[in-house]
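Chain by chain, the residues run as shown.
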Amino acid sequence: MPIFNPAVETMDRKALLELQNERLQIVVNQAYSNVDFYRRKFDEAGLSPDDIKTLEDLKRIPFTTRKDLMENYPYGMFAVPLRDVVRLQFPLGLYGNPIVIGYTRKDLEVWRELVARIMAGIGITEHDIIQVAFNYGLFLGAIRFNQGAELIGAAVVPASIAPAEVQLRIMKDFRSTVLASTPSFAVHILEFMQKRGVDPRSLSLKIGLFGAEPWPEEVHRFIEDNWGIKAYDIYGVMELVEPGVAGECTAQAGLHIFEDHFLPEVIDPASGNPLDSGKSGELVLTTLTTNAYPLLRYRTSDVTALHPERCSCGRTLARMDRVLERADKMITVRGINVFPEKIQEVLGSFRGVGPGYLTSVSKKKGMNDQLKLEIETSAEIISAGEEKREALRDALHQALRRAIGLRVEVELKGHSA
Amino acid sequence: MTLHVEAGEIVSLIGANGAGKTTLLNVISGVHPSWEGSRVFNEVETRGWKPEKLVAQGIVQVPEAEKVFTPLSVLENLELGAYLRRLGRAVLQQEMEKVFAVFPILRERKIQPAGTLSGGERQMLALGKALMARPKMIMPDEPSLGLAPTIVSEIFRIIRSLNEQGTTILLVEQNAKETLRISHRAYVLDTGRIVLTGTGEDLLSNEEVKRAFLGKDYHGKWER
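From first to last, the protein sequence lines stand for chains A and B. 24 is the number of the first residue of the first sequence in the working numbering; add one for each residue after it. 6 is the number of the first residue of the second sequence in the working numbering; add one for each residue after it.
Don't read these hints as lab results, they were simulated from the structure. A virtual CB, placed ideally from N, CA and C, is assigned to each residue, including glycine. Don't take each hint at face value.
Stated by the list, open to error - Not everything, but these chain B residues come out facing chain A in the computed CB check (under 8 angstroms):
(1) His9
(2) Arg198
(3) Leu201
(4) Thr202
(5) Glu212
Said to hold, decoys possible - Here are the simulated DSBU-like cross-link-like pairs (lysine-lysine), alpha carbons at most 30 angstroms apart as the crow flies:
(6) Lys76(A) - Lys103(B)
(7) Lys103(B) - Lys115(B)
(8) Lys76(A) - Lys55(B)
(9) Lys37(A) - Lys115(B)
(10) Lys76(A) - Lys141(B)
(11) Lys64(A) - Lys352(A)
(12) Lys37(A) - Lys141(B)
(13) Lys218(A) - Lys195(A)
Build the full structure now, drawing on both the sequences and the hints.
Spelled out as structure tokens, the structure:
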């Protein structure tokens, strides 16, 4: 099986742990001396970087959460001067409490290699044509596929989220062999083909590389069976690299985490205690090589389990289960992450509205998923004229659209007695 | 601190004065009196070993201050380097010939007292002495200190050539540029802590290293 960086990906586990130990000491020293937030956290905990000697000491370090990143917007978490930063990304938009992540040139080079590792691991070579159908505008990782493919020599067609008809035309005319997209978009294209009576197997597609949202086993089966392709999962964390933290290999027995760059732990989300391998819990990641934005024990809110046993593909990197649920209440609609905090922020800015609300996502898979919010509204507004309610709904609709980037159906409901 | 050196590598430790580089070498060679942690050589824990035992294993430090015994001749200094090996006359001669092959100038000066040698020649003698112990790994401590640039280049060229012939090198230096050029990997020390690591090439193009060691502009770390 092709491995992009065999020296690292098949490294003896003992050597890998030593490498992680060395890199951990460096990231701890850097974070402590360069990032005020970490200096404060350590000082408050009575901890010194010298106390972190081995991987065993990792659990002494306090966690970092998204809230910390929000509180230190814009540059409080940066470990390098701005002139070393070559990329700034704000994955949650700029409404409310945004976060901004920075990358140095070297960070981007590493990211590129990680995507190339994932691609090589599932058999992509210079002979492949990769149709990248991620939303290049909103999904910040989309362009990474171009760069990872360049390292391997594969061709890229940046199809973005052009309609299914166009995607199909590209697949036919250009004979794409790989599709990279969200699983729901892939299903949408598949359903379109079925409606048009096009046999998916008549296309040149062999491999699917799907991610940016959780997809259950049924979807996996649906794609593989109906399309005759191999569907692989990729995983990323927007505050670190997305995608690029982990990816499936041809064995399809979990996603290999790139442990030379990220130190994974699984914790019990309630108590924060680390769990043994094989046990399911919240994934916590520590960056080992990130220059601009080091994160120590970052809580991802993704639920998974770790398996350090060697894989049949030959890699010794630990595998994580596919992420199917989150420990927080984030939901993904059409590949876009929607955080309850954002919704609460918007509701909080309107009088008489919320805080209670119900979300529902229409069951239909594919691009037409609709997010609907039933929002608790004060009796005053409910009894006001239809015009007033209409205006409020519009205003909410606009504000929500600005905040989360999605058109949301809004319904105003009275408080339950 | 945690670091490792693999057989056949040139690994360097760079850092400003007082960063802790020499202390680290002294711990590795067994000269430093007390320390906590572990020192594993070829999978064997060597904590508690006396310096002689470590030298016998092939770990040879080339110290910074008072590198050579100035009243003794070049020949006598070299003999001392092989002391622990208890060599017979003939083998001793052979080993010295090997050193003279690497450092021809030492042959010319072999009966002179080491104190009459120039700075560069003394550095060569120090290295030659280390080679007489038939080391697996030598640890030169600031070999470029006080030497003219052309001599420094020569010294580094020789170090690289020794490595190509199989000697592992753990090098401590303030002169980052020359060192990183010949190093496979390096660690950057700052007040007793390792703050960076990477291949020699990576670190040569690393912004922080450039600012701190390679003479580029230094405005301070936080510019927000």
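Status of the hints after comparison with the structure:
1. Hint status for His9(B): holds, given a least beta-carbon distance of 6 angstroms to chain A, under 8 angstroms.
2. Evaluation of the Arg198(B) hint against chain A yields a held restraint, the C-beta minimum of about 5 angstroms falling below 8 angstroms.
3. Interface restraint check: Leu201(B) against chain A, minimum CB-CB distance 6 angstroms, threshold 8 angstroms, status holds.
4. Taken as an interface hint, Thr202(B) checks out: its beta carbon lies about 6 angstroms from the nearest beta carbon of chain A, inside 8 angstroms.
5. For Glu212(B), the suggested interface contact is upheld, since its CB lies about 5 angstroms from the closest CB of chain A, less than 8 angstroms.
6. The straight-line distance between the Cα atoms of Lys76(A) and Lys103(B) is roughly 43 angstroms, outside the 30 angstroms bound, and the hint therefore fails.
7. Distance restraint check for Lys103(B) and Lys115(B): the Cα-Cα separation of roughly 14 angstroms lies within the 30 angstroms cut-off, and the hinted pair is therefore satisfied.
8. Taking the CA atoms of Lys76(A) and Lys55(B), the gap is near 25 angstroms; set against the 30 angstroms cutoff, the hint holds.
9. Between the alpha carbons of Lys37(A) and Lys115(B) the distance comes to roughly 48 angstroms, so the proposed pair goes past 30 angstroms and is violated.
10. For the suggested pair Lys76(A) and Lys141(B), the alpha carbons sit about 28 angstroms apart, so the restraint of at most 30 angstroms is met.
11. At roughly 26 angstroms between alpha-carbon atoms, Lys64(A) and Lys352(A) fall within 30 angstroms of each other, so this suggested pair holds.
12. Simply put, Lys37(A) and Lys141(B) have alpha-carbon atoms about 23 angstroms apart, close enough for the 30 angstroms limit, and the pair holds.
13. Restraint check: the Cα-Cα separation between Lys218(A) and Lys195(A) comes to about 16 angstroms, which is no more than 30 angstroms; the hinted pair holds.
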